[in-house]
Every structure is written in structure tokens, then in C-alpha cells.
Amino acid sequence: MSVIVSMWETVTPLAIDQPTPVQPPGGDRIMKLVGVGLWAAVVGCLIGVIFGGGWMWVDHSSGVGARGGTGVKVVIGALIGAAVVASAASLVTFAMN
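In the UniProt record's numbering, the protein residues as written are 1 to 97.
Just so you know, these hints were derived from the structure itself, not from any lab. The structure displayed is predicted, hence computed values, not measured ones.
Each pair of labels, with its calculated beta carbon distance range:
#, residue 1, residue 2, range
1, V42, K73, 14 to 24 Å
2, P25, S2, 48 to 58 Å
3, I30, V58, 34 to 44 Å
4, V58, M96, 36 to 46 Å
5, L46, T70, 11 to 21 Å
6, P19, I47, 40 to 50 Å
7, V3, M31, 48 to 58 Å
8, A40, P19, 32 to 42 Å
9, I30, S2, 47 to 57 Å
Heads up, simulated SDA-like pairs for lysine to any residue below, C-alpha to C-alpha not over 25 Å straight-line:
#, residue 1, residue 2
10, K32, C45
11, K73, A40
12, K73, S61
13, K32, L91
14, K73, A83
For each residue, glycine too, the CB sits at the ideal point set by N, CA and C.
Whenever a hint applies, use it, and build me the whole structure from the sequences.
See the structure below:
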């Protein structure tokens, strides 16, 4: 183990100048497209929650109650989708900065 440590201490890292990051041509269009896609996904999740709530109402009014479970599954799926969209927005924003 000490041989590895001594070798690590004797190796000098090369000092290489790092280039400044430059946005590729058309990068602003890509960011605009990503932003529109994320907003579309958020609207889709909102529509899913509204649709699931309506389906829960139909289950309740038909007497099935929560046993049908379709509306509950739609709402839970929409909420999970919203969590994924929210984390994706954060990751894309972090990666592009």
C-alpha cells in the first residue's frame, strides 16, 4: 500500500489549460425546445390529475367506490409523473449551466 502512496506522491499532474465553455450553434433553440417540452409535460400531468379526479367521481357515483381503483391509479400515476418532470427540469437546468 505504501508503494502506491509513494508513487501517487511522485507523479506530478499535468497542468492543462481548460477551454472556456461555449454554447454550440443553435443551443438557444435547443434550450427553448427543452423548456417547451417540460411545460407540456407539466400540463399533461395536470390534465392527468383532473382526468383521474373525474374518473374517481365516476367510480364513486356508480357505487364501485375505491374498489375500482382506476381513478386512484390515474391520479397516483400523474403525481409520480409530475415528480419525474420536476426532477428532470432541475437536472436539465443543472446540466446546461
